Amino acid sequence: MHDVAAHAAHHAPPTSFIRKHVFSLDHKVIGKQYYALALVAALVGMVLSWFMRIHLAWTNAAIPGLQLLSPNGAPGGVMTPEYYLQLMTMHGTIMVFFVLTTAPFAAFGNFFLPIQVGAEDMPFPHFNMMSFWVTFVAFLVLMSSFFVGDGPTLGGWTQYAPLNAVGSVAGPGQGAGVVLWAISIALFCVGQLLGALNFIPTTLDLRVKGMSLMRLPLSAWAWFITSCMGLTAFAVLMPACILVILDHVAGTSFFVASNLVMNDQMLPHSGGSTLLWQHLFWFFGHPEVYIAIIPGIGIVSHILITNMRKPMLSQRVLIYSMGALAVLSYMVYGHHMFVSGMNPFSSLAFSFPTLVITIPSSIVVLIWTFSLYGSKLRINSASLFALGFISMFVSGGVSGFFLAQPSIDIMLHATYFVVGHFHLVMGVAAMFGIFAGTYFWFPKMAGRMMNETLGKIHFWLSFVGAYCIFMPFHYLGMAGNVRRYSTFVDDFLQPLIPVHRFITIAALITGAAQLIFLYNLIHSRFWGAPAPDNPWEATSLEWSTATPPPWDNFGGKHPVVYHDPYQYGVQSSVGDYVMQTSPEQVKTEHEEK
Amino acid sequence: MAKFFAITIIVIAILSAIPILRHTWVAPEDISTHGHLIDEQMSETMAEAGISFLAAQFILAIFVWRFSNPGPDAKIKKFPGGAKGLVIAALLVVGIEVMALGIFGVKAWANVYLSPPSADAMPIQVQAGQFAFYFRYPGPDGKLGPIHPELINEGSQNFYGLDPEHDPDSKDDIVTAEMAIPVNKEIHLLMHSKDVGHSFFVRELRVQQDFVPGLDVSLHFTATKVGKYEIVCTQLCGLGHYNMKAYLSVMSQPDFDDWMKKEAAMQ
Amino acid sequence: MATTVHEPPQIDPHRLPDQGHSGNFGWRNLVPADGDLRVALDYSPPPSSTGIWVVLFAITMMFAAFTSALIVRKGSSLDWQTFTLPSILYFNTLLLLASSVTLEVSRRRVATFMGGLKSQVESPARWLYITLFLGLLFVAGQYVAWSQLSAQGLYLATNPSSSFFYVLTATHALHVLGGLGGLIYVIRKLSKSSLRRSTLDATARYWHFMDVLWLYLILLLWIKL
Chain R
34 MHDVAAHAAH HAPPTSFIRK HVFSLDHKVI GKQYYALALV AALVGMVLSW FMRIHLAWTN
94 AAIPGLQLLS PNGAPGGVMT PEYYLQLMTM HGTIMVFFVL TTAPFAAFGN FFLPIQVGAE
154 DMPFPHFNMM SFWVTFVAFL VLMSSFFVGD GPTLGGWTQY APLNAVGSVA GPGQGAGVVL
214 WAISIALFCV GQLLGALNFI PTTLDLRVKG MSLMRLPLSA WAWFITSCMG LTAFAVLMPA
274 CILVILDHVA GTSFFVASNL VMNDQMLPHS GGSTLLWQHL FWFFGHPEVY IAIIPGIGIV
334 SHILITNMRK PMLSQRVLIY SMGALAVLSY MVYGHHMFVS GMNPFSSLAF SFPTLVITIP
394 SSIVVLIWTF SLYGSKLRIN SASLFALGFI SMFVSGGVSG FFLAQPSIDI MLHATYFVVG
454 HFHLVMGVAA MFGIFAGTYF WFPKMAGRMM NETLGKIHFW LSFVGAYCIF MPFHYLGMAG
514 NVRRYSTFVD DFLQPLIPVH RFITIAALIT GAAQLIFLYN LIHSRFWGAP APDNPWEATS
574 LEWSTATPPP WDNFGGKHPV VYHDPYQYGV QSSVGDYVMQ TSPEQVKTEH EEK
Chain A
9 MAKFFAITII VIAILSAIPI LRHTWVAPED ISTHGHLIDE QMSETMAEAG ISFLAAQFIL
69 AIFVWRFSNP GPDAKIKKFP GGAKGLVIAA LLVVGIEVMA LGIFGVKAWA NVYLSPPSAD
129 AMPIQVQAGQ FAFYFRYPGP DGKLGPIHPE LINEGSQNFY GLDPEHDPDS KDDIVTAEMA
189 IPVNKEIHLL MHSKDVGHSF FVRELRVQQD FVPGLDVSLH FTATKVGKYE IVCTQLCGLG
249 HYNMKAYLSV MSQPDFDDWM KKEAAMQ
Chain S
576 MATTVHEPPQ IDPHRLPDQG HSGNFGWRNL VPADGDLRVA LDYSPPPSST GIWVVLFAIT
636 MMFAAFTSAL IVRKGSSLDW QTFTLPSILY FNTLLLLASS VTLEVSRRRV ATFMGGLKSQ
696 VESPARWLYI TLFLGLLFVA GQYVAWSQLS AQGLYLATNP SSSFFYVLTA THALHVLGGL
756 GGLIYVIRKL SKSSLRRSTL DATARYWHFM DVLWLYLILL LWIKL
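The listed protein sequences correspond, in order, to chains R, A and S.
The first sequence begins at 34 in our numbering and counts up one residue at a time.
The second sequence begins at 9 in our numbering and counts up one residue at a time.
The third sequence begins at 576 in our numbering and counts up one residue at a time.
Honestly, I wouldn't trust all of these hints.
Here are the simulated lysine-lysine pairs, DSS-like style, with alpha carbons at most 25 Å apart [stated by the list, open to error]:
1) A:Lys-193 with A:Lys-253
2) A:Lys-83 with R:Lys-620
3) A:Lys-11 with R:Lys-489
4) A:Lys-85 with R:Lys-620
Derived, one-sided and incomplete: chain R residues facing chain A with beta-carbon distance under 8 Å [what the hints assert, rightly or not]:
5) Pro-195
6) Leu-410
7) Val-427
8) Val-522
Keep in mind that the hints were calculated from the coordinates and are not lab data.
These figures come from a predicted structure and were not determined experimentally.
We put the CB at the ideal spot given by N, CA and C, even for glycine.
Chain R extracted, bound-state conformation (with noise of 0.2 Å):
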């Protein structure tokens, strides 16, 4: 165990390019290194979507250069119909885990929750290292499946039983490409659960004197919760990933049944269980899903409230509802499972709080909707980005109503129906937070600010553009396309091809969209104006230190706070808002009671 004050008492910023930039301590450093890998692995995931797309929309068109990364899987730079689904599945694992979960829960969350509490450094700094370290390994472990035997698995990011467990009978990639698989996502899991270590003590031993948890910031409860969510998920994915691995290298069976042949041949394992293996993956997959939303629903807040220069209707109904939320998601994740052979008075049990997701869900899109009434909104690519969020949340949420219900999953299951639906309100919601996240916290982190105009062109682009391709979604779901199909066979899928090419075309066009904001990006890093300490007038404790911060965060001083984090629309002396760490005591003054 290393604790903060015996770190604290040796805390000297490290001189040497390797322990700065690379193995630092630094929770900074490492919340950009989380960023970085994001970054990376989007882009990654990003280019995976468009060959996807491209085949769906014309099965024998040659995708330039894909033969070069696997002769086998696209001969000529046509795809098979194996590799796209080695591709889907690759896609799906690295978005969910490696951007959606990173990007706005450890990268943000490193960066900013320390700065927020009002702390040094996360406690265990030396954890906070691996934590990175670790799920670095685990993407290079899940990248280098591209290249090793026939590729990546092929079974989709859920990667059901028993075609994870039979091993390379069952198709190309099921073999070593299962094992890198799941080598890559326990190592993700433990770099996750290192994450949560620091994340909940820093929240809850380190803030600073006058920092009561109510006073924290929305984006620091927002992690905070979901540090929480982690913490139970990762733990029992590892463990399911843990007998995965089991049944390939060991020759074990958790999860192959009996009396399966493959090729005319008895596969040699028995008795396992396949339904196992889905009540292990959902529930982490169902939290999983609120751990990629809920910081996003924190930063959207925390950056309309600065925009909006008044603060929510109620800070502590946002804070119950992310907690509601957060609770209710481990009690549905059998939602996944309705017409999975599970007891199907199981699936009613799992419908009701499902539905009753919608409450918690409801009250924060009202909260946000109604607090913009009677505010003073400003318009930048940071708040364009936070309302686009709203948007999309609703926009994705609504579906749920659906899918929640048993019966009507009869029919959407396994749709583009659902495929629409999770890509709105936990894809394209989510990237929308990470955007708004980065556009307004990238001054702090950077010490420059972005690009505006690019910011805004950037946001009309990927908001008209993600709704192109994904409300369709829902159409061909309806229509009933079944979701994972390389190519549409089937009589009743060929009127829907229209829809696909139509979809394939966004997807382009918003995909290099994308590329503005890398360009900005980039050149803001080295080329932007240099950022003042605080930009946006705001009130939180990020912004009452210099820019870029010190490496202890506040310059050897500990800031004592005053004031609940959002004094907006007051009268004081430096403006319509009062900083947290401001002992001015102004007129008006928001306060939760």
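With chain R fixed as given, assemble chains A and S onto it according to the hints.
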């Protein structure tokens, strides 16, 4: 910029709703006895979800239009209802709405999954394997012979691993690659997986159920309209997943009897 | 609910808020005005005591997952074969329990030792070494149990019951090894006289938890195998 944002949201919301209202892409006509319950549930949910969707997007658009970039003398105001009003509204309106949906939905679900098949339902076994469905009819004796997995041999067309030499029940079993059923007759579908997870999905029948390796599950349904429909696999089962399909022919009873005779002769 | 206070607040601007208004947790931010974090640690619980609960919770969840897997796996098939647990396991249980006792003794001694009565007590390191030795003996004993089982022809893949036996005991043994690492860290810190009370407490909590976990596991295995 804010006004543009508001207009964009409203346009997107309306454009999204148009295909739904015009029924541009919908599920095909229902041909089952239980499907109308699912369809009704679907349209009720669509009404509620659609209203929530449009209302939320419109309110967001209106507030963004109205309250962005105000003049320097604009004052911060608070929504009169306050958070308490919103929470109560959410609890009452959304809570009752979704609970009602859930409770009504139980009926549709119970109709498919919680009621046992009637005694005279016709048993048919379906076996899913990479990447084909095979169907087995019990024949005149009404009994399905036991499966011997070690005997499964695609080359000799023994898809089920039957042993008619030793098992009298297997002698008259009829194995087909196409599924034919008589119209208006309840079918008791016994689902068996040969290898990995698969799923049985017929859009027109409003039926979808996973095959669970090592655990035989069953379904029952009644088709009400003669025709030829597609059965597709909806559970990722490997590289040929997209191509795993079979046809379901719903026939009149005489046609079905003829078909059965022809298939029996081919065994 | 957010309200707007229109009258001037009654709070004296120079008086620092000495407690948060969040109920039970507010006392944790009792930090002196000069904000020196090291002093603050005397008042608010050290992160390692929260951190160790986080670790223990994660381990609990992990073994809960294994347990539910065991129950489902046993219930879902007919191929489960029971076998008798090697009797050395019961001996190992005693070893692990004894190591908890010796760790508690050393923790008391460290308390006295740190209390400034250095001349009156012998160094607590000896009891830590005994704990370390007992812990190593436990892991060695587990190894003996595994070799006894494999001598009977029961390997990891022989039967689901043996699979679960190996997985559960090996995962537990790995965590015990982690605890031994913690003990070595404590001994090293003690010899450098830089051991913090919270580090020792956290290690002890972890170690006792390994005990409880093992008692749970042996009960589970005894019932289910």
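Going down the list of hints, with the structure as the test:
Proposed proximity of A:Lys-193 and A:Lys-253 is supported: the alpha carbons are some 23 Å apart, at most 25 Å. For the suggested pair A:Lys-83 and R:Lys-620, the alpha carbons sit about 15 Å apart, so the restraint of at most 25 Å is met. Between A:Lys-11 and R:Lys-489 the alpha-carbon distance is near 14 Å, which keeps this suggested pair within the 25 Å criterion. A C-alpha spacing of about 16 Å is found between A:Lys-85 and R:Lys-620, which places the hinted pair at or below 25 Å, so the restraint holds.
A hinted interface residue such as R:Pro-195 counts as satisfied when its beta carbon comes closer than 8 Å to some beta carbon of chain A; here the least separation is about 5 Å, so the hint holds. With 8 Å as the threshold, the beta carbon of R:Leu-410 comes within range of chain A, its nearest partner Cβ sitting at about 4 Å, so the hint holds. Using the Cβ-Cβ criterion of 8 Å, the hint placing R:Val-427 at the interface with chain A is satisfied: the shortest such distance is roughly 4 Å. A hinted interface residue such as R:Val-522 counts as satisfied when its beta carbon comes closer than 8 Å to some beta carbon of chain A; here the least separation is about 6 Å, so the hint holds.
The earlier numbered hints are all upheld by this structure, with none contradicted.
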